[in-house]
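Q: Here the working numbering = 1-based position in the sequence shown + 152.
Among the hints, erroneous ones may be present.
Below 30 Å or equal to it, Euclidean Cα-Cα: the simulated BS3-like pairs (lysine-lysine) are [unchecked claim]: (1) LYS664 / LYS299; (2) LYS273 / LYS312; (3) LYS312 / LYS299; (4) LYS478 / LYS606; (5) LYS199 / LYS705; (6) LYS705 / LYS664; (7) LYS312 / LYS664.
Don't read these hints as lab results, they were simulated from the structure. Nothing here was measured: the structure is a model prediction, and the numbers come from that model.
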Amino acid sequence: MRTSLSLVTLLLLFALGACAPAPPPSRGEPAGAEGATGNEQVAISPKSLIVGVIAEPPAFGPFTTYTSGGGAHQLHEIAQRFLVTLDDHSQAQPDIASALPSLESGTWTVLPDGTMQTTFKLRPNVYWHDGTPMHADDWVFGWEIDKDAALPNSALVPIKYVDSVTAPDDSTLVMHWTQTYPYANRLLRGDLEAVQRSRLESAYQAGPDRLLNNPAWTTEFIGLGPFRLAQWSPGSQIRYEAFDRFYRGRPRIDVLTVRFLQDQNTLLSNILSDAIDVYLPLGVTSQGVQTLQGSWAAPGTGNQLLVYLDGRLRFLEVQTRPDYVKPAALSDPRVRAAIYRAVDRAPIMDALTNGYGQVADSWILPDDPSRNTVFAGVIPDYSRNPTAAQQLMEQAGFRRGPDGGFVNTTTGERFATSVWNTPGSGGDQESAITADQMRTFGIATEEVLVPASKLNDREFRAQFPGLSVTSLTSTLEFENGEFRYREPTRTLPLGAPRGGYNNPQVNALIDKLEGTVAETDRSSLQRQIMQVVMQELPIMPLYWNVETMTIRKGVTGPAGRTGRNVTYPLATWNIDTWDRT
Numbered sequence: 153m154r155t156s157l158s159l160v161t162l163l164l165l166f167a168l169g170a171c172a173p174a175p176p177p178s179r180g181e182p183a184g185a186e187g188a189t190g191n192e193q194v195a196i197s198p199k200s201l202i203v204g205v206i207a208e209p210p211a212f213g214p215f216t217t218y219t220s221g222g223g224a225h226q227l228h229e230i231a232q233r234f235l236v237t238l239d240d241h242s243q244a245q246p247d248i249a250s251a252l253p254s255l256e257s258g259t260w261t262v263l264p265d266g267t268m269q270t271t272f273k274l275r276p277n278v279y280w281h282d283g284t285p286m287h288a289d290d291w292v293f294g295w296e297i298d299k300d301a302a303l304p305n306s307a308l309v310p311i312k313y314v315d316s317v318t319a320p321d322d323s324t325l326v327m328h329w330t331q332t333y334p335y336a337n338r339l340l341r342g343d344l345e346a347v348q349r350s351r352l353e354s355a356y357q358a359g360p361d362r363l364l365n366n367p368a369w370t371t372e373f374i375g376l377g378p379f380r381l382a383q384w385s386p387g388s389q390i391r392y393e394a395f396d397r398f399y400r401g402r403p404r405i406d407v408l409t410v411r412f413l414q415d416q417n418t419l420l421s422n423i424l425s426d427a428i429d430v431y432l433p434l435g436v437t438s439q440g441v442q443t444l445q446g447s448w449a450a451p452g453t454g455n456q457l458l459v460y461l462d463g464r465l466r467f468l469e470v471q472t473r474p475d476y477v478k479p480a481a482l483s484d485p486r487v488r489a490a491i492y493r494a495v496d497r498a499p500i501m502d503a504l505t506n507g508y509g510q511v512a513d514s515w516i517l518p519d520d521p522s523r524n525t526v527f528a529g530v531i532p533d534y535s536r537n538p539t540a541a542q543q544l545m546e547q548a549g550f551r552r553g554p555d556g557g558f559v560n561t562t563t564g565e566r567f568a569t570s571v572w573n574t575p576g577s578g579g580d581q582e583s584a585i586t587a588d589q590m591r592t593f594g595i596a597t598e599e600v601l602v603p604a605s606k607l608n609d610r611e612f613r614a615q616f617p618g619l620s621v622t623s624l625t626s627t628l629e630f631e632n633g634e635f636r637y638r639e640p641t642r643t644l645p646l647g648a649p650r651g652g653y654n655n656p657q658v659n660a661l662i663d664k665l666e667g668t669v670a671e672t673d674r675s676s677l678q679r680q681i682m683q684v685v686m687q688e689l690p691i692m693p694l695y696w697n698v699e700t701m702t703i704r705k706g707v708t709g710p711a712g713r714t715g716r717n718v719t720y721p722l723a724t725w726n727i728d729t730w731d732r733t
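Start from the sequences, fold in the hints, and give me the full structure.
A: Shown next, in the form of structure tokens:
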């Protein structure tokens, strides 16, 4: 029987062999004593932990971008920290900052001309891994290189909204904004990163190539995090050592080794053989979860398998561009609503997540408190109802033909469309179930898998004629990313979003949302956007995806993170508290 899960949902116990041997002590690791007989002392071996991910990161630092696939994004927080972080439910918490700027405290000011100022007070006694103190000016330098048009980040939000950053003293950072921006008090990873001016200013002055290709972003990375990079063996692993002067206190693990396991099969075999202590998302398939449940994570072993909603929404995107949509009737919201009511989301979710996900009805997570406040009464019920779906098709001018398929009542033309998806991770199965349900309802549906050579071709991907299955993390920027129309550019030849949705009313609401600071006003705008979008259905939410972590017996601390602030499933947010017994 399928059990519906939310957030951190499956702790299944079980175990195989003993722990992997600990690596030898490394430089900077303190010797200790464990028990004594007379004047004799027994040295304590350093606590070590081996972590597995599939993909190796290309680099660290402000210019590095990641996809969520393969887990490479998990490593940045091991050696670096930021002004603000998120807890396990994605609530903003001060990190290097000692407090979040606020209107109430006067550290966040909206000025009469529509500009803003935020003041971040920084924690004392924060040190770089080379032992030098961190100063507010390091954050100023980070902004300077982000703002440089010759470097990659200058066009990114929120950097492009900030026209000056100053450091009145070593522990104060003052930012002036050219416009209101609702997340100005929670600058997270990817928004602003400190860069050590004393170490890298000369490389910056030497030109973009000198800075971008500097080993400071790879084998010689120096950060502010709980672990310092000790050795990077490309293609194999990174070895980290606990940083004694980490501002929250020395981590409980002395030596942390992250191994790059390249593919899902190698990852699974490393878990099963106890070659790694913790696996970090993403990588284990739903079939792998079943394998682990029946062996390594069986009850009584002491091993843990965590399966939790990670904030990734899987949905059908609808083509809305008149030049590409086929059939043209797909532009009719009644037709889209009919298709949505003909699709049974539960079997799709069951097949792709082994029943651990949850059916989605919007881009608001099932346990988000705003469902009962902000969005109460405005999320429509599109649960499967073939009778209601047929009535909608008839209202839109279609009837069933001799073979049971829908045809246009005027032209007699058969209603036929397609479902596009990407290969891998069950995409073919997902498309097959969806298309089969649509065919059963009476809509001729072709299944199309995007060729591997076209996966990064944005123009090709935007030309899907009917429906396209995709996913996006349900962050606070979801409305802006998925429903705000953007004109074509060189990098987006057909504009955005991918399906071309363009409603001037929604565009105006989102523009206002992006500049509204007061939470109550933002909630009202979000509610209005939901009312319009869920009637027009440029997307059809299917289900909430899940992510997994494995934690070997004796290891404590690792936990998933979910919520509407998450940009990708991050599991290293609390890595300084991890321990082993």
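Q: Now, for every hint given, state plainly whether the structure supports it.
A: Going through the hints against the structure:
1. LYS664 / LYS299: holds, 25 Å
2. LYS273 / LYS312: holds, 22 Å
3. LYS312 / LYS299: With Cα atoms ~7 Å apart, LYS312 and LYS299 stay inside 30 Å; holds.
4. LYS478 / LYS606: holds, 21 Å
5. LYS199 / LYS705: Holds: LYS199 and LYS705 sit about 15 Å apart, inside 30 Å.
6. LYS705 / LYS664: violated, 50 Å
7. LYS312 / LYS664: holds, 18 Å
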